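Undergrad: Chains as they are written, first to last, in our numbering: chain X, 1 to 274; chain L, 1001 to 1364; chain A, 2001 to 2293.
Simulated from the structure, these hints should not be mistaken for laboratory data.
Be a bit skeptical, because a hint or two may be false.
[Stated by the list, open to error] Stretch by stretch, here's where chain L covers chain X in the computed footprint (C-beta under 8 Å, at least three residues):
| no. | segment |
| --- | --- |
| 1 | 164-177 |
| 2 | 192-198 |
[What the hints assert, rightly or not] Derived DEER-like restraints, expressed as beta-carbon distance ranges:
| no. | chain 1 | residue 1 | chain 2 | residue 2 | range |
| --- | --- | --- | --- | --- | --- |
| 3 | X | M117 | A | E2054 | 29 to 37 Å |
| 4 | A | A2195 | X | L198 | 47 to 55 Å |
| 5 | X | E64 | A | D2238 | 34 to 42 Å |
| 6 | L | Q1117 | X | F108 | 38 to 46 Å |
[As the list claims (entries may be wrong)] One-sided excerpt, in silico: chain A residues whose CB lies under 10 Å from chain X:
| no. | residue |
| --- | --- |
| 7 | A2030 |
| 8 | P2041 |
| 9 | I2045 |
| 10 | I2090 |
| 11 | V2101 |
| 12 | M2114 |
| 13 | L2115 |
| 14 | I2122 |
| 15 | W2128 |
| 16 | G2135 |
| 17 | L2233 |
| 18 | A2259 |
The structure presented is a predicted model; accordingly, all values stated were derived computationally and were not measured.
Built from N, CA and C at the ideal position, the CB exists for glycine as well.
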Amino acid sequence: MTVKHNSVSLRARRQPNLPIWLRAWNVVVMALLILPVLIVIPMSFSDARNFSFPPKGFSLRWYENFFTSAKWTDSLFTSLQVGILTAVLATVLGTLAAVSIARMSPKFSGFLSGLYMAPMIVPGVIFAVAIYAVFLRWQLVGSLFGFVAAHTMLALPFVITSVSSSLSGYNPGLTTAASSLGAGPVRAFLTVTLPLILPGVVSGFVLAFVTSFDESVVSLFLQTPNLETLPVNMYNAIATEIDPTVSAAATLVILVTTILVVLVQVVPGRNKRK
Amino acid sequence: MQKLEHEQAITVSNVTMQYPSSTALALNDVSLEIQPGEFMSFLGPSGSGKTTLLSLIAGFVNPSSGTVSIGGNQIDGLKPHRRDLGVVFQNYLLFPHMSVFDNVAYPLRQRKMDKSQIREKVTRALALVRLDPYADRLPKELSGGQQQRVAFARAIVFDPRALLMDEPLGALDKNLRSEMQRELARIHRELGMTFVFVTHDQEEALVLSDRIAVFNDGRIEQIGTPEDLYYRPSSLFVGRFLGDSNVFSGKIDVETSTFISPAGSAYLTREELEKTDANVMIVRPEAISIAPKTDTNTDGFEAAVREIVFTGSNVTVYMEFGDGTPGIAKLTMSEASKLAVGQAVTVSWDQLRQHLIHDDGLTS
Amino acid sequence: MTAQILSIPGSSKSRFRTGGVSAGGLAIPALIALGVFFVYPITLIVWLSFTSPEIGFGHYLSLLTDGVTVTVMLRTIAVGLIVGLATLIIGYPYAYSMTVVSPGWRTVMMTMVMLPFWVNIIARTFAWFILESRGGLIDQFFQALGINGVVLLNTWGGVAIAMTQVMLPFMVLPLYTQMSTIDRGLLRAAGSLGAKPVASFARIYMPLSLSGVMSGFSLVFVVALGFYITPALLGSPDQALLSQIIATRVQKLLDFPGAGAAGMLLLVVTLIILGVLNWLVRQANPLMKRGAA
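Extracted from the complex, chain X is given alone in its bound form (with noise of 0.2 Å):
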């Protein structure tokens, strides 16, 4: 409710400063920005056999496509499985080394968060290629374990970023307060740390499990008939199959991580304020 208001009086007075021509600029980048990810929903309720657009009749067949096409609901269901176990593993190694970075000496913790945002830097391919030669030297190509290592190596930088910003306000302090308590380090950590920067922690699973639900390369190395991806397999229906269940699994995509990236920059917010 209060946020309605606020938007209304955001209106009243908006762009004050900002001349006529720039405004128009300015609608025009956001519609390029956001319509050419909505006009994949319309898309998901034809009823054509093809990609054209506008879309002819209305159906909700591809999405029963999805719901009863094993190919479909196996694909979704490795990647929350995949999803999931990136987020826990990377919210525990990249928390674990925020706090790290936090206590170290300016000299370290340059290179060391430099040596973690490396995942981010360097480019997709490259890093797919390195890793599917070493997957199948292990034969890791087509595993649970190989998909969640690659994807969590990727997800560790968001985590880290975002336990660090938390970090960033704590106060050491209160962890020598704990120990002179009679709290042991791991104690101090769960009661008081952990606690007071869970709003980071929080934001940095959902970002780990975001980035690992959406990533592509690296699962279109990795992949195997027995083990795709959803977003494997929307690309092996744009690629080869030319199948229109693909705008009903985009479609749900894109709300999936809509939900959980608003949710993501509204959380922290509401925790500051209370």
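Given chain X, work out where chains L and A should sit, using these hints.
TA: Coordinates of chains L and A only, in the frame set by chain X:
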């Protein structure tokens, strides 16, 4: 059980501390014994090593060399959470996500006490600091003084072997400070616990302590009772740090049994004559009496009154001796009423309240 | 003393220095994971590119002389530069606006940037697949204008257009971050000294925002060079980009040393171009030279 634990001395032997980040020694061969039940203050300017020694006792840092023991047991390898020492921090460091009750209960929960016992002990500790009605509040809903009391209750609720305090009153305003000082004195009386108190405020240290250790540049300059330190400082540094004083440099003249300084000469006692290397005489302003100069009393110290300041309880008189040495006296209203700025006066004091010391780096 | 009274209790850092005990230990699990699943694989294929089947620059030489890779590489760089430039032109006014509007609108504009950033790349590429197909929305639009057969699918132009949209967030975010640190008082000061708004914007604001432009452009350029999904779905083998060549070598031929060599080549060329760009900008702008020193 609990009483017995209180009767343990804290012994610091030959402790030297060097932080990896600096070349200077934070502590240089410091030794000290804190008696059971004693209120001991560490006093000194910032960077003198007093907080470092406190963190060493608490176990937050480890000494480069030397040992710390409690009740005869060496505790050097022991992590802070196994030392059983209460610590009150300058910024309180209350856990912001826990209520006052949970903050105070925290050390008891770490010790796995049962619920009813925790409730009882927390209630008693909160009553001791007069915060019982605030148990359900969050720290940020309390004033600075109240937060300070919570920090206090949290540090004593588990009957620690000693309570260590790092400038706990530093963040409070002046009125609250003196109120908390009285509270501290009361609680110390009631608990009979060993208190170690770090401060840079000499007045606070003089008011509260049984004994004071004065720190300077990583060393302990002097340890003693407040009276000892105030009237019988072992060095010019201690003398100056503990309050205003009249400082005369000069030397002992055995022939005439006097201390001769450019400002004047003072008779010495027999013991004082034996301090042959003394080159400074210190006299506190409270010991000084001032009389208008007459022709009859020509010996002693002569000075001119430069300023008379009314400070409420008494009057502070600033003077200048014949050779230019500044002087200060604290007089009652009636004593001061005879004086006027610019007046020539004769300054004298009780021989027992003068103090001779030797100072190497004698500068003004 | 004043500072102590003013400081909010509990908010300032502890005065106790702790020795940093056991801090490093917590990083070990993540470091091991990173070592095994990231550093080792990358190192391995780089190593292979020089040593397998024999030690030397064989893979690099054959890449440079096979008559295809150099063309693909140039095409990839061209697409990277075009996408970088296009996102800059589109994103610069948008990022600037974000620093000026009310906080509420800033949140809206930020969310608009962040959402596509997180939405599955395949879903977004799929949207462009629909738009660019024969009989798709773009084709229909140009048919209505009397121009037939504008099918961008399977052309590198179509890839570039889609990539521009996909990468817009990578440009807007760094631009906005840097621009929000610029003191707008300088613009007003210039105005009060008689400079026309356009002149003061071009003379003062643009040079100040140049480091943001550089980081945005570098980011888009680097990401674009290594982009795979969009070229793979929207492009075609005869107008391939380098990432497709790398993927194909591995998927069809299991030629890891060759792929590694191509990847290294891509990395080196990227670094050279970024270095040159950086140097050019610093030459043009003494302000940045000082900032970097």
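Undergrad: Checking against the hints above, which ones are violated?
TA: No numbers; nothing is violated.
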